[in-house]
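Protein sequence lines correspond, in order, to chains A and B.
One point on numbering: in our numbering, the residue at position 20 of the first sequence is 20, and numbering is uninterrupted.
One point on numbering: in our numbering, the residue at position 318 of the second sequence is 544, and numbering is uninterrupted.
Take these hints with a grain of salt, some might be off.
[Said to hold, decoys possible] Label-pair distances were calculated between CB atoms; the ranges are:
#, chain 1, residue 1, chain 2, residue 2, range
1, A, Ser85, B, Ala279, 55 to 61 Å
2, B, Asn426, A, Ala46, 56 to 62 Å
3, B, Gly300, A, Glu56, 44 to 50 Å
4, B, Asn398, A, Glu127, 57 to 63 Å
5, B, Gly376, A, Ala110, 56 to 62 Å
6, B, Glu306, A, Asp118, 43 to 49 Å
7, B, Ala503, A, Pro121, 48 to 54 Å
8, A, Gly43, B, Ala279, 31 to 37 Å
[As the list claims (entries may be wrong)] From the structure, some residues in chain B lie toward chain A, with a derived Cβ separation under 8 Å:
#, residue
9, Arg248
10, Pro249
11, Asp267
These are calculated hints, taken from the structure and not from any lab test.
C-beta atoms are modelled at their ideal positions from N, C-alpha and C, and glycine is treated no differently.
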Amino acid sequence: MLIEEKVNETMSDSNGNASAQGPGAPPATGVYPADLECEVLTGTGATLRMRPIRSEDAELLVHFHLNLSSGSIYRRYFSFHPELSEKEVEHLTTVDYMDRLAFIVEDDDALVAVGRYDRIPGTTEAEVAFLVADEYQHHGLGQLLLKHLAEAARARGITTFTAETQADNRGMLGVFHESGFPVTSSIEDEVVSLSFPIEPTEKSKARYAGRRKRKPTSGNHHGSRA
Amino acid sequence: MKLVLNGSFEDSGHEELGHPERPERTSAALLGVDDLHLGDDLVRAPMYAATRAELMRVHAGTYLDELGAFCYAGGGDIDEDTYATYDSWSVAQHAAGAGLAVVQELQRLGDGVGFVVTRPPGHHALADRGMGFCLLNNIAISAAALVAQGERVLIVDWDVHHGNGTQAIFWNQPDVMYVSTHQSPLFPGSGAAYEIGGMNALGSTINIPVPPGATGDVVRRAIDDVATPSIAAFEPTWVLVSAGFDSHRDDPMADLALTSGDFAAMARTIARFAPRAGRFAMFLEGGYELNALRTSVAASLAAVLESPYSAEAESFGGPGAQQVQSAREERLVALRIAEEAATQGDYS
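Start from the sequences, fold in the hints, and give me the full structure.
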C-alpha cells in the first residue's frame, strides 16, 4: 500500500502531466516512469513486483546488498565489496530514468533483484548489469530484468546493450544467450564481453511471451502478452 | 542436423584456485555452441547422474567408494595435478551421466550429433584411480554402455595427451577400438606406437605419437594413413571422440600447432566412420585457452553438422611426417610379434 501511495504522490507531484506517465507517453528525463511498474511471474510461479528504482529505495538496496553471498557480489562487481558506501548507494538509487535506469524486483517488502542500464555518454549504447538475491537465482529474474530494461531503453533511444561478465558466470551468460537477442561476445582475461542490438526479434518475443503480468491498476492483465 | 548437447553444467563447485581445469572452460565451450546459432536444431539432453552400476562397467567399486568419501570429507589433492572438492563427486557423476544421456537421446532421435561438455575431463582416469585432472572416465563409461548393448565402438582421441585411462580400460576389449594422436614426449608418457592392445584385442589400440610443433597435416595424415585401414576393418557401429582442444596452437599446456580448421577437418573425417547419423558424439577432454577452446568447439561441431562457421585455416608444414611413418612401421612389427607370440601362447 505504501508503494501505491508513493506512486500516487509522484503522479500528483507532476500534476497536470499525469497523462505523461501513462502507457504510451514519451519518457522524460528525471520523471519517475510509473508506467514501467508491473508484476512479473517468475519461473517458479511466484508473482513479484517490478518497478523503477527511486532514491527512497536506498535502505532497501543497502539491506539487499548486505544479504548477498560474497560470490554474488564478486560476480557483479568483480571484487569483494561487502558494503556499499553512502555515495555508491546514492549513485545507484538516483537515476534520471533516461540515460540511467534501474529496475528493482520486490517480494513483499524485500528487494530481491536489481537490474540497470547506464548509457555510455554520447552513444546509443548502454551497459547492463544485474544482481539477484542468492535464493532467487535461477528463477528467471535475470531474463525478466533484461527484457524490461531493453523495452525501456528502446523507448529512450538506446539501440545496443553491452555487458561484461566473468567467464565462469554461467547463469549470467545464459541470460544473455537465451534472451533471443543476437548476442556477440569475446573472451579476454577470463572476462566475457557481450554486445547486442535490443531491437526485438521473433526469438526474443517468443522467449518472453506470457511472462509478464501488468500491474493490477492498469486492468485487463489476465493473459496479457509482452 | 540436430546437435544433442549435454554436460556437467552445474560444475562451479569443481574448482581449485589457479588450476587450469576450471569452470570457465565449460562457458567457453558453450559459447562455441552458441556461435553456431542452431536455434531449434539444438537439443538439450536431460541432466543425468550416472548410477553406480553404470560407473562400474568401467571403474572398480572400491575406487568409487574412496573417491566419493574423499570428496565428501572435503576433497583435496589426489596427486600433484588432480584435485577434488566436496562437489566433485556430484559434478563427475553428472559428467559421466551427461554422456549416457546424449547417447540415449541420439538413439531415440536416430539422428543428430552429440556433444558432451564434460568437466572434469575423463580420458586419463583409470579403472581404480583418478589422474591428470580426470576422476571418472566419461567416454569409457558411455562406450561401455554401448558395448553392453552389443555395439562396436570406435574412440578417437585427439587430445594433446595420450588417453592412458581409456586405453587401459579397453586394452583387452575387442569391441572397442581406441585411436590416439598425441604429442610425445608429454604427460602421461604412455601411448607408444607399439602399444596395440591385449591378447583378446590385438590391433584394437592404435597410438600415433607426434613431436612438438606438429601441424594439422601431420595429425590428419596419422589418422588417414595409420588408423583408417584398421578402423575400416573394425567396422564400428558407434563413433566417439575424446575431443581435447589442448592440441590447438594457442594452448598453454603443450606444443602442437593445430588450428580450429584442423579440428573441423578431423571431425568431418572421423564422423564418416559412423555407419549412419545419430551414432557420433564428441566428449570434451582438455583445452585450456578459452578462445581456442571456443573456436575449436564451434569449428568441429559446424563441420559435422554442416553448419556455416568460419574456422581458422588448416595448418601445414610442421615436423612429424617421419614419426608418423615410423609409428606405422613400429605398429606393424609389434602386431606381427604379438601375433606370433599369441600363437605360441606366451603373449599377455
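Status of each hint after checking the structure:
1. Remark: the range hint 55 to 61 Å for Ser85/A to Ala279/B is upheld by a beta-carbon distance near 56 Å.
2. At about 59 Å, the CB distance of Asn426/B to Ala46/A agrees with the hint of 56 to 62 Å.
3. Checked against the hint of 44 to 50 Å, the pair Gly300/B and Glu56/A passes, with Cβ atoms roughly 45 Å apart.
4. With their beta carbons about 58 Å apart, Asn398/B and Glu127/A fall inside the hinted range of 57 to 63 Å.
5. As the Cβ distance of Gly376/B to Ala110/A is approximately 57 Å, the hint placing it in 56 to 62 Å holds.
6. For the pair Glu306/B and Asp118/A, the beta carbons lie near 46 Å from each other, so the given range of 43 to 49 Å is met.
7. The given range of 48 to 54 Å is respected by Ala503/B and Pro121/A, whose C-beta atoms sit roughly 53 Å from each other.
8. A beta carbon spacing of about 33 Å between Gly43/A and Ala279/B agrees with the range 31 to 37 Å that was offered as a hint.
9. For Arg248/B, the interface hint holds, since its Cβ comes within 8 Å of a Cβ in chain A; the closest pair sits about 7 Å apart.
10. At its closest, the beta carbon of Pro249/B sits 4 Å from a beta carbon of chain A; the interface hint therefore holds under the 8 Å criterion.
11. The beta carbon of Asp267/B comes no nearer than 14 Å to any beta carbon in chain A, farther than 8 Å, and the hint placing it at the interface is violated.
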